[in-house]
Each structure stands twice: as C-alpha cells, then as structure tokens.
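A.B. asks: Respectively, the protein sequence lines represent chains B and L. Mapping the first sequence onto my numbering, position 7 (from 1) lands on 7, and the numbers just tick up by one. Mapping the second sequence onto my numbering, position 98 (from 1) lands on 98, and the numbers just tick up by one.
Simulated from the structure, these hints should not be mistaken for lab results. Here the structure is a predicted model, which means the values were calculated and not measured. Careful: at least some of the hints might be erroneous.
Keeping only pairs whose Cα atoms sit at most 16 Å apart, straight-line, the calculated EDC-like set for lysine to aspartate or glutamate is [as the list claims (entries may be wrong)]: (1) 106(L) - 4(B); (2) 207(L) - 21(L); (3) 147(L) - 179(L); (4) 97(L) - 226(B); (5) 97(L) - 271(B); (6) 290(L) - 211(L); (7) 147(L) - 174(L); (8) 205(L) - 70(L); (9) 97(L) - 82(L).
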Amino acid sequence: MLADAIAAERFRLLRDRSAVFWGFCFAPLVGFVLSIGGDLFLHNVIKKPMPGLGIGLIDQVIKALSTGASTFDALFLMIGAAAVLAGDYRWETWRLLTPRNTRQNLLLAKLVVVGEAAFWSLILTAVLSAVAAVIGAGINGKALSLSMFGHGPFDILGVLAITWLEVMTLAALAAFVGVLSRSTMGVVVVCLGARFIQTILASSLRLMEQGQPSWKLLALPVFDADLLRAALLDPAQLGQASGSAGPALIALFAWTAVLAAGAVLLFRRQDLTKE
Amino acid sequence: MSIALEADRLTKTYGAVRALDDFSLAIPAGGVFGVLGPNGAGKSTLFRIALGLVRPTSGAVRLSGAAPGDITALRKVGAMIETPRYPAYLTGRDTLKMLALESGLKSPDIDGWLERVGIAHAADRSTSGYSVGMKQRLGLAAAFFTKPELVILDEPTSGMDPAGIQEIRALIVDLARREGVTVILASHQLDEVRRVCDRVAILSKGKVVAEGGVAELTAGEARLRITAASPIAQILAVLGAKGVADGADAALADIRRDEAPALIRSLVEAGVEIIEARWRDADLEGVYLKTLERTSEEQGGDA
Numbered sequence: 001m002l003a004d005a006i007a008a009e010r011f012r013l014l015r016d017r018s019a020v021f022w023g024f025c026f027a028p029l030v031g032f033v034l035s036i037g038g039d040l041f042l043h044n045v046i047k048k049p050m051p052g053l054g055i056g057l058i059d060q061v062i063k064a065l066s067t068g069a070s071t072f073d074a075l076f077l078m079i080g081a082a083a084v085l086a087g088d089y090r091w092e093t094w095r096l097l098t099p100r101n102t103r104q105n106l107l108l109a110k111l112v113v114v115g116e117a118a119f120w121s122l123i124l125t126a127v128l129s130a131v132a133a134v135i136g137a138g139i140n141g142k143a144l145s146l147s148m149f150g151h152g153p154f155d156i157l158g159v160l161a162i163t164w165l166e167v168m169t170l171a172a173l174a175a176f177v178g179v180l181s182r183s184t185m186g187v188v189v190v191c192l193g194a195r196f197i198q199t200i201l202a203s204s205l206r207l208m209e210q211g212q213p214s215w216k217l218l219a220l221p222v223f224d225a226d227l228l229r230a231a232l233l234d235p236a237q238l239g240q241a242s243g244s245a246g247p248a249l250i251a252l253f254a255w256t257a258v259l260a261a262g263a264v265l266l267f268r269r270q271d272l273t274k275e
Numbered sequence: 001m002s003i004a005l006e007a008d009r010l011t012k013t014y015g016a017v018r019a020l021d022d023f024s025l026a027i028p029a030g031g032v033f034g035v036l037g038p039n040g041a042g043k044s045t046l047f048r049i050a051l052g053l054v055r056p057t058s059g060a061v062r063l064s065g066a067a068p069g070d071i072t073a074l075r076k077v078g079a080m081i082e083t084p085r086y087p088a089y090l091t092g093r094d095t096l097k098m099l100a101l102e103s104g105l106k107s108p109d110i111d112g113w114l115e116r117v118g119i120a121h122a123a124d125r126s127t128s129g130y131s132v133g134m135k136q137r138l139g140l141a142a143a144f145f146t147k148p149e150l151v152i153l154d155e156p157t158s159g160m161d162p163a164g165i166q167e168i169r170a171l172i173v174d175l176a177r178r179e180g181v182t183v184i185l186a187s188h189q190l191d192e193v194r195r196v197c198d199r200v201a202i203l204s205k206g207k208v209v210a211e212g213g214v215a216e217l218t219a220g221e222a223r224l225r226i227t228a229a230s231p232i233a234q235i236l237a238v239l240g241a242k243g244v245a246d247g248a249d250a251a252l253a254d255i256r257r258d259e260a261p262a263l264i265r266s267l268v269e270a271g272v273e274i275i276e277a278r279w280r281d282a283d284l285e286g287v288y289l290k291t292l293e294r295t296s297e298e299q300g301g302d303a
C-alpha cells in the first residue's frame, strides 16, 4: 500500500538527521542568520539609519518564500532529496525494501516524503524570516507593520504553493535522475545544473522577448514560477504576460507529472542486481 | 500439493552471460527446500527474479501462485538476499520498525525477534557498527518477523561463528516444522543443507541438474566399503574400475546392491581376507560434486 510506504519513508527520513538538517533546515537557517547579521551590521558598523518607512512582516515572508527554490536553496534541497530518492542505491538497500511493497509505491512514497519535507522547509523559511523581520526591526528601530504593499496572508499561501510546486518539479527531476544514475551525487549535480541553466536561459530569453512569453520561456519551470508569483502579487506589472499565468501553471504541473511518471516507469523496469 | 515457487522456462542473460538458461523448477510448499550450486549457477538470480528485483529475459516465475511484484503475494514472503545491508543511520530496532511500516504491520514483535536472533543487546546501536554475523541475524529477523508463509534465504549463515550457525539452523528448522513456514534456502554449506533441508535442487550453469529428497539423492549413490587384512592392491585388482582406495586398509566399490554377493565371492576366491563389508550412504557433498562433475562432462561432450 502507498500509505505504508509513505509511513516507512517518513520514519526513515526523520531518523536520518544529517539529511534533515543539511537538506531541509540548513538553507532557512542560513537565511535567518544572514538577515540578522545584516541588521547587526547596519546597526553596529554602518551606524546610519537606512531609508524606508519600516518593515512589512508579510512582505518579508513573501520575499523569503519567493527565493525558496533559488539555486542556493535548491542545492541543499537536492542534497536532502538525493538522500531520500537515491539513498537506497548508495546503501544497497533496495533488496531489503523491494520484496515488501510495489516498485511504484516505493518510489512515489519517496517523492511524497520529499514533498512533505520541502513543504516544512518552506514553512521554516517563512517562520524564520518573520522572526528575523521582528528582530531586525528591533535592532534598527524600524516600524513593524503587516505589509507595506497591501499583501495579506493569502498571498503568503499563494507564494508558498507556487514555490513548493517549483521545488516539486526539481524533486521529480531528482527522482528521474536518481533512478537513471543510481547515484546521490548525480542527483545533486544534475538538478543543480538544471536549475542554474534555467535561470540563465530565462533571463536571457526574457531580454529578447516582449509581450506574451514564448513557449520556450514557458517551458522553463523557473520562469513559470516567477511569472505565477508576479501574477499573484502584482498582476499590473506583468502587462500582457499576465495572460500566460494559466499555461505557466500547467507547465509546472506537466513537468512534475511527466518527470515523476518517467522515474516510476524507469524504476519499474530496472534490474536491481547490485543496487 | 500447492507450489511455493514455480519457475517456468526462465532465462536471464546479463550481456553474454546466461545466469539462468531455460530454467524450470517447482518448489512445493511446506518444509525446507535447499538450492545448491557453485558460484554463478543462478541461485541468487532465481531469488532476485522471484522477489521482483530483477526482470527475466524470458519465461515466468510465480511466487505462491502470483507474479513477481504482486503485493498480496509479497506480504506473505520474507527474504534475505546475500549479505544484507542497512542504512547506516538506522539502529537494528529502527530497521525492523521501518520494515514493519513498509509491510503494513500494525503490532510487530520487534523486541521478541531481536531477542530470538540474539542481537537484543545491540538493538539500539547503529547497524553500521554491526559485524557481518550480526547483520545476518538482523536480516533473518527481518525475513521472519512479518510472520510470512514463505521465506527465501540466500546464504543465511555466511559470516557467522559455528555456535551462531547452529543456533540459526535450529531456528530455521523450528520455524519450518513448528510454524509451518516454507523455507527456500541457498547455501554453499552442504552439511547445513543436509541437516536442515527435506528436498534439494542442484543448479549448474543456470539449469537444474538434479532434484529430489536428500535421502533419495544420497541413497542412489551408496557404495560398499570393504575392509580387509590383505594388501589394498589385492582388493583393487579384483574391483577394477569400480573400486577406489579409502584409507590404507579399505576400498569403496561403486556397485549396485544386487552385485554385492558376487563381488564378495570373487574377493574370497582371490584370497582377500575380508574383515568387514558394509554399505555406506553417500553424503550430500559426494552427490553434489559427482553431479556437477557429470554435468560438466556432459556439457563438455555436447560442446
């Protein structure tokens, strides 16, 4: 049963403290430390009040969540995803698991657990960014408000969902590469490379295009996620491109579904002679 | 009679290597079935195909009547394939907990099984610090603790000390006889197979070359051992090609039971002073080696 496989994977991940810390806690913690460090630097070294009316709590959370799948964050998320998705090749433990559940359930459970862990990692990012905003306001004596741009809690949920979907596209790629390469290192290198190349391609193509984004841009999950966040938070800024939010959402879902299905199909046919 | 594992014209190739070659075997449910064969005979490949770890090139295999990968059948099967490995971040107890969750077990007797296989003292230690023998014991607990109807064990006592081997052997027999679990066991330790198994199949180059009850296989290979006060050369001269020396004062005659009176008469007529003549059942090792030798000669002849 899929539920059994998910419970087992969740149990395993919670015991793998190294993967939990480096994969799903480290990047949010770094963001928190850098934010506080920046505020302390302003207060103690620059010693000048920075322009601006104050700090918007929701804005800070949205900003942190929007970059929750950046190349830096993706590096650590993929370390955690690789431990879950390709760890059994590393430990040679497929022979222990495969006789207890179907191949499809085993791999889908891993993907679900990576999705859960990524979700909690984003929640940690949101909470720590809110805490950092409060501390930062205190350090620099800035006024703390809910939002400077009229954003509300539903915007946080929207950005959380979009960034999570963006992460899941990477996680599905990680599952595919994990099965194909049978290597945790392969997962990290390929997924990070894919994330980095997408960022460069998206910014280069966008410079060359005006108006509606082309299919080439819409095929890039990084661009799709940015477009969706912009469409949610500031649709006026997008102009004509706001009409592409639907195709962008479909593209994100399609990438996740196709890569996940590809990984499952490949895994179902794979010989586990020596994992 | 129900069948625990059935292979039908199974072939598996790895590049140019044929690990299983048109392999057919039906292992009955109940008791302990031994699978013997030299390295590369196809034992592990057979088990891996049955458990859904490897796909056959052609042919079919059924485990408790179901195709490999069928979750209903898998839930009735326990297995330990080669030296078991575990994620290093899990303790022995956590490993069984994780496997219990994977198998959908609600209240597994984890502590009881850790006790039964003799590693309760190390239950909360990381498996990365386990010796090979301890890993084998944990693997056995993992194979048995889900209360399976069929257990597949590949070299279950390799890396264990003699006392451990004896303990595990007793456990396997106990589970098979008292709890009615069907055990399919591959081992290089022929003495272990002889003591534990009811039936065996001998594999060579991906094919079954002999199959039957242990007593049945060894009975057909019995030889007459003749001890005499006369020089051994005198006995061997009478026995000819059918005789072979067995120590300084005895010889083994490879004859049928009904040929014994005539042979003894010939020996007496030749002046051999016979002290004793008794039938000696062949051991499994003898049968095994002889079968492999015969198969090798046949295959050589075919080539």
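A.B. asks: Each hint: holds or not?
C.D. replies: Consistency of the hints with the structure:
Taking the CA atoms of residue 106(L) and residue 4(B), the gap is near 10 Å; set against the 16 Å cutoff, the hint holds. With a CA separation close to 6 Å, the supplied pair residue 207(L) and residue 21(L) stays within the 16 Å bound. The suggested pairing of residue 147(L) with residue 179(L) holds, with an alpha-carbon distance near 9 Å, which does not exceed 16 Å. For a cut-off of 16 Å, the pair hint linking residue 97(L) to residue 226(B) is broken: about 42 Å separates their Cα positions.
Among the hinted pairs, residue 97(L) with residue 271(B) is inconsistent with the structure: their alpha-carbon atoms are about 27 Å apart, more than 16 Å. Distance hint between residue 290(L) and residue 211(L) is fulfilled; the C-alpha atoms sit about 14 Å from each other, no more than 16 Å. This hinted pair checks out: residue 147(L) and residue 174(L) have alpha carbons roughly 14 Å apart, not beyond 16 Å. Under the criterion of a C-alpha separation no larger than 16 Å, the hint pairing residue 205(L) with residue 70(L) is inconsistent with the structure, at around 28 Å.
With a C-alpha separation of about 21 Å, the suggested pairing of residue 97(L) with residue 82(L) is violated against the 16 Å cut-off.
Hints 4, 5, 8 and 9, counting from the list given before, are not met by this structure.
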